[in-house]
Amino acid sequence: DFAKGDTRDICQFVEFRAHKHSKLSLTRATMEEIPKQIVEYFTSRGLYPNTDVQTTAIPSVSDFDNMDVDLNLQFEENGEINLSNEDGTRVNSDNAFKVEVPEGAEPGTHLEIESPFTGKLLQLVVPHGLSASEIFIVNG
1 DFAKGDTRDI CQFVEFRAHK HSKLSLTRAT MEEIPKQIVE YFTSRGLYPN
51 TDVQTTAIPS VSDFDNMDVD LNLQFEENGE INLSNEDGTR VNSDNAFKVE
101 VPEGAEPGTH LEIESPFTGK LLQLVVPHGL SASEIFIVNG
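Those letters in the sequence shown? Residues 1 to 140, by UniProt numbering.
The set of hints was computed from the structure by calculation and includes no laboratory data.
Just so we're clear, the structure is a prediction, and the values are computed from it rather than from any experiment.
Please note: incorrect hints may appear among the correct ones.
[Said to hold, decoys possible] Okay, derived cross-link-like pairs now, DSS-like style, lysine-lysine, Cα gap no bigger than 25 Å in a straight line: (1) K23 to K36; (2) K120 to K98; (3) K36 to K20; (4) K120 to K23; (5) K23 to K98.
Please take these sequences and the hints and turn them into a complete structure.
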């Protein structure tokens with residue numbers, strides 16, 4: 001409502017050209033921008049948020065970024081990973097497949113991959129210590 005002296009548009013869009021090669025990047029940038037714009041919009045009209053409510057902390061993905069996980073990978077003679085548990089029982093490898101880390105992805109990046117076995121979309125996170133073109137195994 002520019003008649004009342006507003007100086008900015010109600011919403012400002014994320015620049016698509018900067019993210020046109022990655023839906024994930026565009027989504028992330030958009031999701032970072034939306035809360036800022038909502039806060040700016042309401043505070044510019046004198047509407048402020050309520051005071052913080054104390055809640056029990058829920059662990060986030062970033063809480064686990066620095067966690068060490070011992071994968072203890074064993075390789076068979078044919079180069080395949082031995083999918084045995086520590087107790088010697090065999091993991092069902094009928095639906096295990098390899099995923100290559102895409103260019104531009106880094107540890108913690110969320111990926112959406114279609115299972116070649118079920119056709120379902122799987123939500124994956126690039127494991128710590130991996131970079132573009134490296135492979136990790138998914139059971140799905």
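Hints, verified against the model:
1. K23 to K36: 21 Å, holds
2. K120 to K98: With Cα atoms ~16 Å apart, K120 and K98 stay inside 25 Å; holds.
3. K36 to K20: Holds, at roughly 22 Å.
4. K120 to K23: 19 Å, holds
5. K23 to K98: Holds, at roughly 22 Å.
Against the hints set out earlier in the document, no violation occurs for any number.
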